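Got chain A sorted already, so can you dock chain B onto it with the hints?
Number of protein chains: 2
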Amino acid sequence: MNAPEQILRLTVNGDRLWQSLMDMARIGATPKGGVKRIALTPEDKAGRDQFVAWCRAAGLAVRIDRMGNIFARRAGVDAAAAPVMSGSHLDTQPSGGRFDGCYGVMAALEVCRSLDDYGIRTRAPLEVAVWTNEEGSRFTPVMEGSGVFVGAFTLEHARAQTDADGIAMGDALDAIGYSGETPMGFPVAAYFEAHIEQGPVLEDAGKVIGVVEGGLGQRWFNLTVTGMEAHAGPTPMRLRRDALQGATHIMQAIDALGRLTPSTRATVGYVKVEPNSRNVIPGRVTFSADLRAATVDELAQLESGMRAAAERVCRERGLTLAIEQTVEFPPTPFAPACRDAVRAAAARFGYPHMDLVSGAGHDAIYLASVCPTGMIFVPCKDGISHNEIEDAKPSDLTAGANVLLHAMLDRAGVA
Amino acid sequence: MNAPEQILRLTVNGDRLWQSLMDMARIGATPKGGVKRIALTPEDKAGRDQFVAWCRAAGLAVRIDRMGNIFARRAGVDAAAAPVMSGSHLDTQPSGGRFDGCYGVMAALEVCRSLDDYGIRTRAPLEVAVWTNEEGSRFTPVMEGSGVFVGAFTLEHARAQTDADGIAMGDALDAIGYSGETPMGFPVAAYFEAHIEQGPVLEDAGKVIGVVEGGLGQRWFNLTVTGMEAHAGPTPMRLRRDALQGATHIMQAIDALGRLTPSTRATVGYVKVEPNSRNVIPGRVTFSADLRAATVDELAQLESGMRAAAERVCRERGLTLAIEQTVEFPPTPFAPACRDAVRAAAARFGYPHMDLVSGAGHDAIYLASVCPTGMIFVPCKDGISHNEIEDAKPSDLTAGANVLLHAMLDRAGVA
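Just so you know, the protein sequences line up as chains A and B, in that order. Under the numbering used here, the first residue of the first sequence carries the number 1, and numbering increases by one thereafter. Under the numbering used here, the first residue of the second sequence carries the number 1001, and numbering increases by one thereafter.
There could be a bad hint or two in this list.
What the simulated footprint calls covered on chain B by chain A, stretch by stretch (three residues with Cβ under 8 Å from a Cβ of chain A suffice, anywhere in the stretch; the number is not a length) [to be verified]: (1) 1037-1043; (2) 1224-1232; (3) 1267-1274; (4) 1357-1369; (5) 1380-1387; (6) 1405-1411.
Hints were generated in silico from the structure; no laboratory data involved. Predicted model, so just to flag it, every value in this text is computed and none were measured. Heads up, the beta-carbon is just placed ideally off N, CA and C, and yes, glycines get one too.
With the rest of the complex left out, here is chain A:
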């Protein structure tokens, strides 16, 4: 079985992968066909217990760190080598779907199970990872487990975060028995994450595999435009300083800036109008701008374009402007070697594939700061996720797992 030409044709067991996904989807299943498995709740514990049981049944060595991150290792021939890791998260949004996160974990587990089926050993160990609280629905920030793993923030900070009921994240971990003893962080040779796209690009292009080039950088802002609140009836148009009308021009400029390149995005998602009364000219409008781009240069172009447009609009209309930045994530290009491994595997199977960027956050974005990283996207129906109607095709999910198998073998080496 170890002859290269045979190895290059190996595939995972797609039926078993689908069955695992469906079995896991029963834990926290919602009446509408979605999943509610919020981080560190009894449902999350049940999902973790199921995953650990499957790992032990597959002969994987399970460790848990102080953040509740779970690592299930398949030994390599070279015991001293750093592992080639793959995983994602098992927690969901309050009205989540069956595939967001769970697919990346189940695909990595399926890679190990399939290698067992074929009796193939790798040089470096393989490691399936489950990251704690990726969604950030109960505890902030998002991607908390992987963030602490890579040192983006401290264990103490993360464990001290409280939910809406005042329960500390560390206490919640203790309560479900997933506050482990494994020290935080260890060397990783490479990290891959398979994930549904959570966007419409692959479906729109008719592709099965997205070779993720990296994560977009993000800059978020709050803009506040202040004019003069006045009664709609007695105030002629020419004497108004309408904060909302000014804001609409800035919002349109932000949208136009998002079209700078195919991968840039600019979104106004939040708007607050004051006093928000039908017969009062708005005196103040606060709104958000979410700017994303693949390079720092493009991000800077988006920001400066937004600032210039906002200042021009407010100057022309006698409005005052305040801009506050609330979020900054740098662009994260993935390692060429990992991207190439994903692309080559997709090409070898003849899967329609394309390069694309990850506009959303993923644990892989954090891992990229400590090791060569790649991601594999598969289509999801209508690009919808974070929704109980989230859906994906079994054939696409199998294709993604096949690509993951060969990307991991590429980096780990067949013994």
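Frame of chain A, contents of chain B only:
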């Protein structure tokens, strides 16, 4: 004193008018210099009691109807003649000012007091009116007392309206002792109302007296634009159906329509974005349109222009549109004879004056449906009202009362 040339030079006692305004402003005075005298509260009762005491001291005959409207009559020589009426309201917004409403009542009272000073009798009786719940802050609708007086809706309907605590308007009237026995509605020969402008037009033009041509007609709408909610990160600009971006184009079209004539207005005051999350492309935006114009033809042009723009924007962007009308008030031109009487008085005193429209609602708008009606506007500082900083100049308030005096004499006739 009754020789015409002397009568034409008569003026009110501006100091007494100002003192009455300041005395009334102490009832419900707020720390910031405004007034909180919400309809049918203990403060409103205290204000009414003060007004009634002043009227009785001035020898006026006080009557109260079932809506709590107060009428204080100064007898005319012709006891059978219908009265020439003037008044406004004593209730305020929760954070109201010293002049909105109160000025019209005190100016009418001052007219009666000044005629007593001069020993002048009129042919027709004069009647000072205080209308119940003009502001609509506690009970809806606005202009409730004058609305029932003219038959716009029934006494039973109005008295059954409840406040936020479930207290019926009729019970609140009973509780403060202002549910009177005078039958609803009676013939009125003419109605005048002096009021602060509540807008910036007079101040901007450097005028002291506004000769009100009539009330603008109003049509209010709720527009709902629906696109596709999606994650801001993974969704490229070209694949979006952003409800907010579409809505901004409609909002701008509405503002542009408001510039059809100097007296038309079009305002978007209320906006609701869903889900209103910083990193989610808005799936639905609901917003208001408040269209006002002096003629039915202009109102129809505003409405059809808005509908056409909204339909075009939604068609071009793959959005769906729903438009619901919520308010309809027809335009109310005032009687030429009353407008002429106001204009002539302003001209005779040499007050800088101009014709303008009333964009806001006033009791006079309802009275215009049953008798010849006119209004006199005086400037308020920066056009601001419904605010504790509402302010007006004593000299302007005196000028308005002088014009009111002569407009009333013109219609009532000097005996």
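Verification of the supplied hints:
For a cut-off of 8 Å, the count of residues in the region 1037-1043 of chain B with a CB near a CB of chain A stands at 0, and the three-residue condition is violated. Interface restraint, the region 1224-1232 of chain B with chain A: holds (3 residues with C-beta to C-beta distance below 8 Å; minimum three). Restraint check on the region 1267-1274 of chain B versus chain A: 6 residues with Cβ-Cβ distances below 8 Å, three needed, restraint holds. Only when three residues or more bring their CB closer than 8 Å to a CB of chain A does the claim for the region 1357-1369 of chain B stand; here the count is 4, and the claim holds.
Only residues whose C-beta sits within less than 8 Å of a C-beta in chain A count toward coverage, and the region 1380-1387 of chain B has 4 of them, enough to reach three; the restraint holds. With 0 residues carrying a beta carbon less than 8 Å from a beta carbon of chain A, the region 1405-1411 of chain B misses the three-residue requirement, and the given coverage is violated.
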